[in-house]
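Enquirer: In this note's numbering, the protein residues as written are 736 to 834.
These aren't lab readings, by the way, just hints derived from the structure by calculation.
Possibly wrong hints are sitting among the right ones.
[Stated by the list, open to error] SDA-like cross-link-like pairs, simulated, lysine to any residue; straight-line CA separation at most 20 Å:
| hint | residue 1 | residue 2 |
| --- | --- | --- |
| 1 | 774 | 784 |
| 2 | 738 | 800 |
| 3 | 774 | 763 |
| 4 | 786 | 762 |
| 5 | 782 | 821 |
| 6 | 738 | 796 |
| 7 | 738 | 758 |
| 8 | 738 | 795 |
| 9 | 786 | 745 |
| 10 | 786 | 816 |
| 11 | 774 | 823 |
| 12 | 774 | 824 |
| 13 | 738 | 767 |
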Amino acid sequence: MSKWRRLAIEMFPEQRQEFQRSETTVYGVLGCLRGMLPKYHKANDLKQLQKIYGYAEWCWSQWNRSYYLGNAAGVGFYEHLVDNPVTFEAGLNLISSRM
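Work out the full structure, taking the sequences as your base and the hints as a guide.
Expert: Encoded structure:
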């Protein structure tokens, strides 16, 4: 099992069934997680938000090792934060300054 998939399942065990599917890509994982953001932002659930943004940051940090993971974080997660007013406004505070 790839490290990105194993990490996603460890961090988000409630999504295990979806994330274990062989056809689920890292883009799918990041899209799923991005879709959860508005709910967690509205509830101010910092624990879940930090996990989601942390997973995306981990993928981004793999850029030198894997263009695939870095690109997935960029175009499958960060690029779409501006699509939703909730994630656009609140998400900027949770993105690491290293980004």
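Enquirer: Does each hint fit the structure? Answer for all of them.
Expert: Now the hints, each set against the structure:
For the proposed pair residue 774 and residue 784, the alpha carbon gap of about 10 Å is at most 20 Å, so the pair holds. Distance check on the hinted pair: residue 738 and residue 800 sit about 12 Å apart at the alpha-carbon level, within 20 Å; holds. Between residue 774 and residue 763, the direct Cα distance comes to roughly 18 Å. Compliance with the 20 Å bound is thereby established for this hinted pair. For the given pair, residue 786 sits about 17 Å from residue 762 by alpha-carbon distance, which is consistent with the 20 Å threshold.
Pair hint residue 782 plus residue 821 holds up; C-alpha atoms about 17 Å apart against a cutoff of 20 Å. A C-alpha spacing of about 13 Å is found between residue 738 and residue 796, which places the hinted pair at or below 20 Å, so the restraint holds. Taking the CA atoms of residue 738 and residue 758, the gap is near 16 Å; set against the 20 Å cutoff, the hint holds. Straight-line distance between C-alpha atoms of residue 738 and residue 795 comes to about 14 Å, which keeps the hinted pair within the 20 Å bound.
For the hint pairing residue 786 with residue 745, the CA-to-CA distance comes to about 11 Å; that is within 20 Å, so the pair holds. At roughly 16 Å between alpha-carbon atoms, residue 786 and residue 816 fall within 20 Å of each other, so this suggested pair holds. Restraint check: the Cα-Cα separation between residue 774 and residue 823 comes to about 13 Å, which is no more than 20 Å; the hinted pair holds. Taking the CA atoms of residue 774 and residue 824, the gap is about 14 Å. The hint holds against a cut of 20 Å.
For the hint linking residue 738 to residue 767, the alpha-carbon distance of about 18 Å falls within 20 Å, and the restraint holds.
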